[in-house]
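Chemist: Protein sequence lines, in the order shown, are assigned to chains U and X.
If you number the first sequence the way the working numbering does, the last residue is 399 and the count never jumps.
If you number the second sequence the way the working numbering does, the last residue is 1268 and the count never jumps.
Derived from the structure by calculation, the hints contain no laboratory data.
Quick caveat, the model's predicted, so the values are computed rather than measured.
By construction, the Cβ of each residue, glycine as well, lies at the ideal position given by its N, Cα and C atoms.
Check before you lean on any hint, since a few could be wrong.
Okay, the calculated beta carbon distance ranges per label pair [stated by the list, open to error]:
hint, chain 1, residue 1, chain 2, residue 2, range
1, X, 1115, U, 84, 40 to 46 Å
2, U, 213, X, 1179, 30 to 36 Å
3, X, 1092, U, 134, 44 to 50 Å
4, U, 145, X, 1118, 52 to 58 Å
5, U, 134, X, 1118, 29 to 35 Å
Here are some, though not all, of the chain X residues that point toward chain U, as calculated from beta-carbon distances under 8 Å [to be verified]:
hint, residue
6, 1171
7, 1172
8, 1187
Short derived list, chain U residues pointing at chain X, Cβ under 7 Å [claimed, not checked]:
hint, residue
9, 92
10, 117
11, 120
Next come the chains, spelled out residue by residue.
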Amino acid sequence: MSETAPTDGTNGVSGAELRLEDVVKKYPGQKTPAVESLSLTIPAGEIVAFVGPSGCGKTTSLKMINRLIEPTSGTIRIDGQDVREDSATSLRRKIGYVIQGGSLFPHMSVASNVAVVPKMLGWDKQRIADRSDELLDLVGLDPDRYRDRYPRELSGGQQQRVGVARGLAADPPVILMDEPFGAVDPITRQRLQDELISIQRELRKTIVCVTHDIDEAIKLGDRILILQEGARIAQYDTPEAILAAPASDFVADFVGSGSTLKQLSLTRVRALELSQPTTATVGEDTGPVVRRAEAAGDDAVVVLDDRDRPVAWPWLRQVRSNDRVRSSPRENLVTLDEAATLNDALDTMLTAAHSKVIVTGDRDRYLGVIDFEAVTEHMRKTEREAAEREAAEGGSTDG
Amino acid sequence: MADTQTAPAPEVTGDDEVAPRRSARVVTREMAIMLIVPPVLVAAVFGTFVWWRQTAELDSVEAQQLRWSELRSLGWEHVQLTVVAAVIVVLVSVPLGILLTRGRFRAASPVVIGIANAGQAAPSVGLIVLLFLWLDGGFWTAIWALSLYGILPVLRNTIVGIQGVDPTLVEAGRGLGMTSAMTLLRVELPLALPIIMSGVRTSLVLIAGTASLACFIDAGGLGEVLQTGITLFRFSLMVTGAVLIALIALTIEWLGRVLELATRPKGI
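Produce the complete structure using the sequences and hints provided.
Modeler: Okay, here's the thing in structure tokens:
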């Protein structure tokens, strides 16, 4: 169940390797550099999360990649090519950029916002229109409904989705995200994270994501870069490795490792066995559906649409009152992506005040249902195993 | 919502997906009033004036000054003075304002605003007379004076409008690969436009009022009726001049408001 993507450049990876070599940023009039000699290789097709306390230089490091900030010295290479070989503007058109809150242009429609970069690249109208529809669909917004809206007519989460679509518009190999989900409420944030993971499964871009939230970093990152002041690398490794063996006290403090609860953010929903309650398709006769549900002892039925996406979750008595299985606006249904963590699952159950959540995979395809007992059972098991391991290791490790 | 189709999964608590469907262009109640009331008022007052002009007993001096042809040509001069000066104001102040928000010129913006402020604080008659002494009278001298007088609101609003654009949007533009010119034309100016246009409106009203002084330097305008009335002590002329100038100012202010609303980019 490793999250690490293959890095051999094949296998559907559309990202490019990103390399920072001795990158320094010193602002005039400052005694200590904001970034003192950062060297780093980010394999193609991976998500790397930059985390660290505020003022540690993570955002500066990110912005040096697309030259919004020019490094004082050092080299940054994308796919082996020095970023300074190109003009800054043409470089930036080849790097996706996603910003907190979406930062959509309020005077442009959703479609025009998504089309900003393709337009600058001189794509023809039809290609731009097709591409923005495709992307809106990818980020879970119905193009017919949303393309002509203006940002102020969207919720925060929807704006952020459009922001992601805009960053992906010209199909750039590298995407930079600056606190992408910082401005939305926790449930929406978790959904957007799930969607990003699901999109990334499909696209395999190289994504650099700055966040101050270690849980977000653990969830999104194939690798995590933990930075200390001056952008000194405290640790650069997979989330599992960082949690299991923090390189220093600083890292240990920062991730708060050791607690079993932290493991909740490491385990994905897909690692648990999902239950499979009765399902039905929109438009189906309710008679057989009710019989199936009764036979299985279910009191609710998961309704799927023609693309296998869950659209409703009515009680059996509600199903009985209609002749045919009906759908309801998909927006009202809370679902979890299979890549969501157990942490998210518990969060969602608590907020929804219900002990079951529907789990979906690629493009919202239905996978099954996870319930509270499964999560707590898994936690207990992990705790037991940890205790056994500790007992087995005895006093061999000290501190 | 107790019996919805989605029973086991209650509505999402987050604002996600539940789209607030608001119209892209908002006309508030206040804006609607400001759009409807002035034309009605202008029409009513003008109607009253026409009625009075047709029925009043006028002596020969009054009748001479209040000929319809005379009023029409003075009114037209007034409008010309206002519009030409306003166009010049826009052509000068908007580019100047933009320049003063760019890189190294930014430091100069307080100085320029200070000068413009001082220019506006000077009495308008003084400015007009000074220019008269320097340039002699006539239409273009008046235009000079009126333009100088009207620069400040547009200049200030251009600077303030552009500076008020959310810096993260400017950075978003640059981060997506826009050149500085593109950022200016596609992001900063459209977003600053409502504020700039409100400066243009203020300027128009200011100029329309000040244009009444143009008659002192033989540049015409409705100020002439007023001035004649004062010189010859004809009450009817004074009131006519004042009322017509006010009506023109009101109409121009209203047109400015319509223009402001029409140029406001959709979505903001």
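Chemist: Now, for every hint given, state plainly whether the structure supports it.
Modeler: Results of checking the hints against the structure:
| no. | hint | in the structure |
| --- | --- | --- |
| 1 | 1115/X / 84/U: 40 to 46 Å | holds (42 Å) |
| 2 | 213/U / 1179/X: 30 to 36 Å | holds (34 Å) |
| 3 | 1092/X / 134/U: 44 to 50 Å | holds (47 Å) |
| 4 | 145/U / 1118/X: 52 to 58 Å | holds (55 Å) |
| 5 | 134/U / 1118/X: 29 to 35 Å | violated (57 Å) |
| 6 | 1171 | holds (7 Å) |
| 7 | 1172 | holds (4 Å) |
| 8 | 1187 | holds (6 Å) |
| 9 | 92 | holds (4 Å) |
| 10 | 117 | holds (6 Å) |
| 11 | 120 | holds (6 Å) |
Hint 5 from the earlier list is the only one contradicted by this structure; the remaining hints agree with it.
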